Amino acid sequence: MRLLVSVGGEKKWCTGNTVNAFKELVATVEGKDFKVLTIFYDSKKERRRFKRELRRAGGDIVKAAKNYLSWWENIQQRRAKVH
1 MRLLVSVGGE KKWCTGNTVN AFKELVATVE GKDFKVLTIF YDSKKERRRF KRELRRAGGD
61 IVKAAKNYLS WWENIQQRRA KVH
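The sequence shown: position 20 = 20 (the numbering used here), numbered continuously.
Rather than coming from a laboratory, the hints here were simulated on the basis of the structure. The structure displayed is predicted, hence computed values, not measured ones. Mixed in with the good hints there might be a few duds.
[Said to hold, decoys possible] Derived lysine-lysine pairs resembling DSSO-like cross-links, with alpha carbons at most 27 Å apart:
id	residue 1	residue 2
1	Lys63	Lys12
2	Lys66	Lys12
3	Lys66	Lys23
4	Lys35	Lys81
5	Lys51	Lys23
6	Lys11	Lys35
7	Lys66	Lys11
8	Lys32	Lys11
9	Lys12	Lys23
10	Lys81	Lys45
11	Lys32	Lys63
12	Lys45	Lys23
13	Lys66	Lys35
When you get a sec, could you build the whole thing from the sequences and use the hints?
Structure, rendered in structure tokens:
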């Protein structure tokens, strides 16, 4: 996933898999004025999950990113318990 955001007039790319891109996004824009310029998805599955989280967050992309990261961490914990 690749996100291009504008933070205080400066453009910043958040790239990597969805988890890394969202971690970078939250670290970069939290508490600041920002604007999402472009979003590129790597897969349909990522896009569907992100859109679902975005709807639940009422359009707030930072909250959606945090929700996605929380969901991902829960999945990782479940996988660790099984193995």
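Numbered hints the structure breaks, given as an ascending list: 4
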